[in-house]
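Colleague: Residue numbers (this note's numbering), protein chains in the order written: chain A, 562 to 749; chain B, 51 to 303.
Don't read these hints as lab results, they were simulated from the structure.
Every value quoted in this text rests on a predicted model; they were computed, and no experiment measured them.
Note that beta-carbon positions come from the ideal geometry of N, C-alpha and C, so glycine has one too.
Please note that a few of the clues may not be correct.
To be verified - These stretches of chain A come out as covered by chain B in the derived footprint (C-beta under 8 Å, 3 or more residues):
1) 597-608
2) 666-672
3) 675-686
4) 719-727
Stated by the list, open to error - Below are the DSBU-like pairs computed for lysine-lysine, each with C-alpha atoms no more than 30 Å apart in a straight line:
5) A/Lys590 x B/Lys136
6) B/Lys154 x A/Lys590
7) B/Lys199 x B/Lys160
8) B/Lys269 x A/Lys731
9) A/Lys602 x B/Lys191
10) B/Lys134 x A/Lys599
11) B/Lys191 x A/Lys599
12) B/Lys123 x A/Lys590
13) A/Lys599 x B/Lys163
14) A/Lys599 x B/Lys188
15) B/Lys191 x A/Lys608
16) A/Lys599 x B/Lys269
17) A/Lys611 x B/Lys264
18) A/Lys644 x B/Lys269
19) B/Lys136 x A/Lys599
20) B/Lys156 x A/Lys590
21) A/Lys658 x B/Lys264
22) A/Lys590 x B/Lys163
23) A/Lys644 x B/Lys249
24) B/Lys264 x A/Lys605
25) A/Lys599 x B/Lys158
26) A/Lys639 x B/Lys249
27) A/Lys602 x B/Lys198
28) B/Lys264 x A/Lys651
29) B/Lys264 x A/Lys599
30) A/Lys660 x B/Lys158
31) A/Lys605 x B/Lys158
32) A/Lys658 x B/Lys249
33) B/Lys160 x A/Lys599
34) A/Lys590 x B/Lys117
35) A/Lys605 x B/Lys199
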Amino acid sequence: MKMSIRRFTQFLAVALTTSVTLYATDLSKAYDMPDATKILKQDKLAKPTKFKMPKSCNLDDLEAIARGKYIFHNLNGKKAKAKPPKGLVKFITKNGKKKPKQFGNCVACHNIEGAKGAGNIGPDLTNYKKLFIDTKARDAKFVYQKIADARIDNPKTHMTINLTTKLFNKSEICDLTAYVISDKSKKK
Amino acid sequence: MKRVLFSFALLATMATAGEQFAMSDADRAMYKEMLENNPADIFVEEGGELFEELGDEKALAKFLGVKEKDLPKYIAGFPRYVKKLKNVVGLDQVLQAMQVEQKKKKYKLKSGKMFAMLAYVKSLANDEVVNIDINADKHIKASYNLGKKVFMTPRGGRGLSCNSCHSSDIVGQVLRTQPLPDLGKVGSGATWPAYRMTKSSLRTLQRRFQGCMKNALLKVLPIGSKEMVGLEVYVTNLAKKEKKKIAIPGLKR
Numbered sequence: 562m563k564m565s566i567r568r569f570t571q572f573l574a575v576a577l578t579t580s581v582t583l584y585a586t587d588l589s590k591a592y593d594m595p596d597a598t599k600i601l602k603q604d605k606l607a608k609p610t611k612f613k614m615p616k617s618c619n620l621d622d623l624e625a626i627a628r629g630k631y632i633f634h635n636l637n638g639k640k641a642k643a644k645p646p647k648g649l650v651k652f653i654t655k656n657g658k659k660k661p662k663q664f665g666n667c668v669a670c671h672n673i674e675g676a677k678g679a680g681n682i683g684p685d686l687t688n689y690k691k692l693f694i695d696t697k698a699r700d701a702k703f704v705y706q707k708i709a710d711a712r713i714d715n716p717k718t719h720m721t722i723n724l725t726t727k728l729f730n731k732s733e734i735c736d737l738t739a740y741v742i743s744d745k746s747k748k749k
Numbered sequence: 051m052k053r054v055l056f057s058f059a060l061l062a063t064m065a066t067a068g069e070q071f072a073m074s075d076a077d078r079a080m081y082k083e084m085l086e087n088n089p090a091d092i093f094v095e096e097g098g099e100l101f102e103e104l105g106d107e108k109a110l111a112k113f114l115g116v117k118e119k120d121l122p123k124y125i126a127g128f129p130r131y132v133k134k135l136k137n138v139v140g141l142d143q144v145l146q147a148m149q150v151e152q153k154k155k156k157y158k159l160k161s162g163k164m165f166a167m168l169a170y171v172k173s174l175a176n177d178e179v180v181n182i183d184i185n186a187d188k189h190i191k192a193s194y195n196l197g198k199k200v201f202m203t204p205r206g207g208r209g210l211s212c213n214s215c216h217s218s219d220i221v222g223q224v225l226r227t228q229p230l231p232d233l234g235k236v237g238s239g240a241t242w243p244a245y246r247m248t249k250s251s252l253r254t255l256q257r258r259f260q261g262c263m264k265n266a267l268l269k270v271l272p273i274g275s276k277e278m279v280g281l282e283v284y285v286t287n288l289a290k291k292e293k294k295k296i297a298i299p300g301l302k303r
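Build the full structure now, drawing on both the sequences and the hints.
Modeller: The structure is reproduced here in structure tokens:
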């Protein structure tokens, strides 16, 4: 009698465990949860970086100003309508693939002479030369650093970082600087 | 009845959201027309049919271990830690697990079918106030913190973070003709899945995040990753703070 009760409990235990495992199939892997840590690592922003404006930066060069203007007003080569000025292209090849070149889209945040649909997240850069350069409130070096990596001047900036991210090269930052500080009051 | 209430809720969100849209009069007219007849309704209905195959509310309530009558409130608290799944998950991931448990093929998280089913299931909570509880357990706390970190961290080709454009000191300002939305005040966590007019399709909240990432040159994170669920937790909590009611499908520019 004693024996059979023990056997019965054993049977019950076995039956229970099987039914429990059957019921509670492990669902912790049943759904997708892709890993994004690698992507985030690759996409990390480098520390705020100081840059020196290169000597080769020719701020009065009309071609440089024209390129700066193009970069300032356009988002990328696919969206850009006008023909790019000398020294700029709409498409580049990256890893064997044709890709639209990214431009500054500075008008997304800044108003400036001739801007279409400008935003107001950043200060209005209209009349910049007269208001800021001629008055010595700002100089070309400041503007260069601001565009290259705005965090040096303002650690909490909402502005885009353009040279530290390698979105642009030094000569393109020169072009943008040249454009921002150029005299746009008279048609050239 | 539910239907009527839900339209009111939608109208209310739209009325307040009105100013955030930079659109032409023609667009506005179309928008008004869509208010009365959200094109996403058919997707949501289709989602309902797919959900029926899984056994409806009854099966979902059982899966989640809640009473059927408490299901809407419970849905209004997602993303949340689901013990069975050993993670903080979105409703879409719960639906995938149900599919697997029932030996059905699971839909991809980024598939149209999943978007539709997710929209339907979330719409079961229409008119419920968002009640996500980021202090409910250590898992959701961690998910919230991860989401906040991802939201705040600048990265990508232009060194921007979500916060660069959605921080409280900047919302309402204009980015290329588009006013930057306050994600709490527009109730993003309560109004997605939504019909996106500019994309002519039903999109989910995480899909919308991907849109901003792409536009701002941040590398796009995959839907369902811990980071994306964390972002959803963070953004949904903003809607909770504004006491937003769930109104699915939303209607967005």
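Colleague: Does A/Lys599 lie within 30 Å of B/Lys136 when you go C-alpha to C-alpha?
Modeller: holds (22 Å)
Colleague: Residue count check for the stretch 666-672 of chain A against chain B: does it reach three with CB-CB under 8 Å?
Modeller: holds (count 4)
Colleague: Check the hint pairing A/Lys599 with B/Lys163 against an upper bound of 30 Å on the C-alpha distance.
Modeller: holds (28 Å)
Colleague: If you draw a straight line from the CA of A/Lys644 to the CA of B/Lys269, is it 30 Å or shorter?
Modeller: Holds, because 29 Å separates the two Cα atoms, which is no more than 30 Å.
Colleague: Taking only the CA atoms, is the gap from B/Lys123 to A/Lys590 under or equal to 30 Å?
Modeller: holds (26 Å)
Colleague: Quickly compare the C-alpha distance for B/Lys156 and A/Lys590 to 30 Å and report which way the hint goes.
Modeller: Judged against 30 Å, a Cα distance of about 12 Å means the pair holds.
Colleague: Just to be careful, I want the Cα atoms of B/Lys154 and A/Lys590 compared with a cutoff of 30 Å; is the pair within it?
Modeller: holds (15 Å)
Colleague: Is A/Lys644 close enough to B/Lys249, meaning Cα to Cα at most 30 Å?
Modeller: Answer holds: A/Lys644 to B/Lys249 is near 28 Å, not above 30 Å.
Colleague: Is B/Lys264 close enough to A/Lys605, meaning Cα to Cα at most 30 Å?
Modeller: Within the cut-off at roughly 15 Å; holds.
Colleague: Is B/Lys191 close enough to A/Lys599, meaning Cα to Cα at most 30 Å?
Modeller: Holds, because 23 Å separates the two Cα atoms, which is no more than 30 Å.
Colleague: Between the alpha carbons of A/Lys605 and B/Lys158, is the straight-line distance 30 Å or under?
Modeller: holds (28 Å)
Colleague: Please work out if A/Lys611 and B/Lys264 have their alpha carbons no farther apart than 30 Å.
Modeller: holds (28 Å)
When each numbered hint is compared with the structure, no violation occurs for any of them.
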